[in-house]
Amino acid sequence: MSIDALAATLRETLRPDQVLTDRQQLRTYECDGLAHYRVIPGVVVFPRTADECAAVVRACAATGVPFVARGSGTGLSGGALPHADGALIVTSQLRSIIEVAPEDERAVVEPGVINLQVSRAANPHGYYYAPDPSSQQICSIGGNVAENSGGAHCLKYGFTTNHVTGVQIVTPDGDLVRLGGRAPDVPGYDLLGAFVGSEGTLGIATEVTVRLVRLPETVRTLLAAFPGTDQAGAATSAIIAAGVVPAAVEMMDALAIEAAEAAVRCGYPGGAGAVLIVELDGPQAEVEAQFAAVEDFCRQHGAFEIRIAADDAERALFWKGRKSAFAAVGRISPDYIVQDGVIPRTALPQVLTRIGEIAAEHGIRVANVFHAGDGNLHPLVLFDETVTGQAERAEAVSGAILDICVQHGGSITGEHGVGIDKAKHLPRMYSEDDLDTMQLVRCAFDPRGLANPGKVFPTPRLCGEVPGRRKGAHPLQEAGVAEVF
Numbered sequence: 001m002s003i004d005a006l007a008a009t010l011r012e013t014l015r016p017d018q019v020l021t022d023r024q025q026l027r028t029y030e031c032d033g034l035a036h037y038r039v040i041p042g043v044v045v046f047p048r049t050a051d052e053c054a055a056v057v058r059a060c061a062a063t064g065v066p067f068v069a070r071g072s073g074t075g076l077s078g079g080a081l082p083h084a085d086g087a088l089i090v091t092s093q094l095r096s097i098i099e100v101a102p103e104d105e106r107a108v109v110e111p112g113v114i115n116l117q118v119s120r121a122a123n124p125h126g127y128y129y130a131p132d133p134s135s136q137q138i139c140s141i142g143g144n145v146a147e148n149s150g151g152a153h154c155l156k157y158g159f160t161t162n163h164v165t166g167v168q169i170v171t172p173d174g175d176l177v178r179l180g181g182r183a184p185d186v187p188g189y190d191l192l193g194a195f196v197g198s199e200g201t202l203g204i205a206t207e208v209t210v211r212l213v214r215l216p217e218t219v220r221t222l223l224a225a226f227p228g229t230d231q232a233g234a235a236t237s238a239i240i241a242a243g244v245v246p247a248a249v250e251m252m253d254a255l256a257i258e259a260a261e262a263a264v265r266c267g268y269p270g271g272a273g274a275v276l277i278v279e280l281d282g283p284q285a286e287v288e289a290q291f292a293a294v295e296d297f298c299r300q301h302g303a304f305e306i307r308i309a310a311d312d313a314e315r316a317l318f319w320k321g322r323k324s325a326f327a328a329v330g331r332i333s334p335d336y337i338v339q340d341g342v343i344p345r346t347a348l349p350q351v352l353t354r355i356g357e358i359a360a361e362h363g364i365r366v367a368n369v370f371h372a373g374d375g376n377l378h379p380l381v382l383f384d385e386t387v388t389g390q391a392e393r394a395e396a397v398s399g400a401i402l403d404i405c406v407q408h409g410g411s412i413t414g415e416h417g418v419g420i421d422k423a424k425h426l427p428r429m430y431s432e433d434d435l436d437t438m439q440l441v442r443c444a445f446d447p448r449g450l451a452n453p454g455k456v457f458p459t460p461r462l463c464g465e466v467p468g469r470r471k472g473a474h475p476l477q478e479a480g481v482a483e484v485f
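As numbered in the UniProt record's numbering, residues 1 to 485 make up the sequence shown, in order.
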């Protein structure tokens with residue numbers, strides 16, 4: 001069946017305004033937050049209920065049309081990049097907060113609910129939702145589940161996977177099934193753990209049960225300015241080594257500070273080569289004692305100015321510069337790639353030095369913003385696509401940064417996912433057999449490879465996507481444990 005025929009079928013199932021085929025309208029959805037990759041989808045569909053979402057997927061499955069799920073479109077790895085001959089299923093209209101249950105410390109929401117809305121709904125009950133990506137004012141819970149998003153406070157509270165206890169999903173066959181529930185653990189295989197972070201390759205979440213966290217008694221935040229990132233990194237390592245686990249430790253280098261100042265006028269200390277934002281929360285006595293230690297560590301490692309937030313308004317101003325950093329670089333560069341790698345905290349000075357050297361070798365600027373507490377780097381590789389060769393050099397720098405992370409025992413992604421952007425880098429971390437074993441999980445959910453094809457894995461693998469591509473059988477096939485289609 002052609003895309004036009006599928007669209008006609010969907011218009012009979014849904015309302016006509018829930019199905020887009022006009023090329024100009026389709027162009028609105030040609031990329032996610034990683035605008036460097038663009039594909040115009042074959043058709044865009046807006047289901048408004050879980051049953052409608054299942055009906056759309058069943059129509060795709062019946063006709064062999066691939067589909068890609070999209071939430072708010074804030075992803076930064078090309079995970080929601082459409083398929084030119086497929087359906088883009090946008091879940092932004094499934095946006096009901098179904099239940100807030102403080103007695104169970106749970107909330108049940110639809111995937112289109114915005115991250116920050118969950119906390120706003122829970123706050124009157126004395127609770128909040130802990131994962132807080134920088135895009136939390138616009139990113140959706142469904143997208144957070146797909147990418148296993150983190151945020152500034154993941155150092156203490158963990159990632160999305162630590163806060164999701166259950167999901168209702170549409171399988172690639174169009175069935176509605178539930179994984180997990182309200183309880184912390186369920187018997188059997190950890191299918192929920194496999195689904196969270198699967199980047200839309202195992203199905204589409206249509207309902208999410210999340211864990212709520214009690215609002216802390218006290219929150220204290222400081223902003224420390226350092227001559228450079230080496231000193232700020234040393235302070236971070238000292239804080240963690242002393243047994244202090246802040247809610248967040250965030251760092252920005254001079255170029256990132258410049259961008260934030262141009263965009264939101266956050267008023268960070270002048271002349272800073274790096275700033276740290278350190279936040280502690282919890283019981284008041286514990287926070288006060290640890291906060292004094294954090295101040296001391298910052299001064300011992302070269303902080304020339306320390307500001308302590310006097311109230312929530314000043315705390316919000318500290319965070320405004322950091323939270324706006326990705327968008328802010330648009331003030332100093334027409335194009336940029338947001339990278340996402342992980343390293344041990346102690347390797348920070350060497351890695352940042354090497355990033356600077358590689359950037360200089362290619363004539364490319366890199367602004368560094370990162371979750372310093374857990375070593376999750378977000379280098380912003382700046383370039384101008386209208387200048388011949390700059391985009392290619394920016395991609396080379398971007399890839400080299402991931403190589404550095406792997407060489408230091410880290411990872412090519414901490415929270416942005418693999419998507420299409422990092423798929424080619426996955427073999428730098430995993431062997432062929434590792435990748436095929438991962439793909440077997442995908443085959444179990446989606447043997448026809450219709451759900452978000454072409455993402456995560458570096459080449460089509462198994463499940464009949466490209467028959468005979470492997471030189472030999474997978475070890476699990478030879479053992480008779482797994483069947484490969």
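It should be emphasised that the hints constitute simulated quantities derived from the structure, not laboratory data.
Some hints here could point you the wrong way.
[Said to hold, decoys possible] Derived Cβ-Cβ restraints for the label pairs, each shown as a range:
hint	residue 1	residue 2	range
1	G409	R299	43 to 53 angstroms
2	P349	R448	43 to 53 angstroms
3	D434	A310	48 to 58 angstroms
4	R299	R23	55 to 65 angstroms
5	D434	E357	28 to 38 angstroms
6	G363	G409	44 to 54 angstroms
A virtual CB, placed ideally from N, CA and C, is assigned to each residue, including glycine.
Hint by hint, here is what the structure shows:
no. : hint                            : in the structure
1   : G409 / R299: 43 to 53 angstroms : violated (30 angstroms)
2   : P349 / R448: 43 to 53 angstroms : holds (48 angstroms)
3   : D434 / A310: 48 to 58 angstroms : holds (51 angstroms)
4   : R299 / R23: 55 to 65 angstroms  : holds (59 angstroms)
5   : D434 / E357: 28 to 38 angstroms : holds (31 angstroms)
6   : G363 / G409: 44 to 54 angstroms : violated (29 angstroms)
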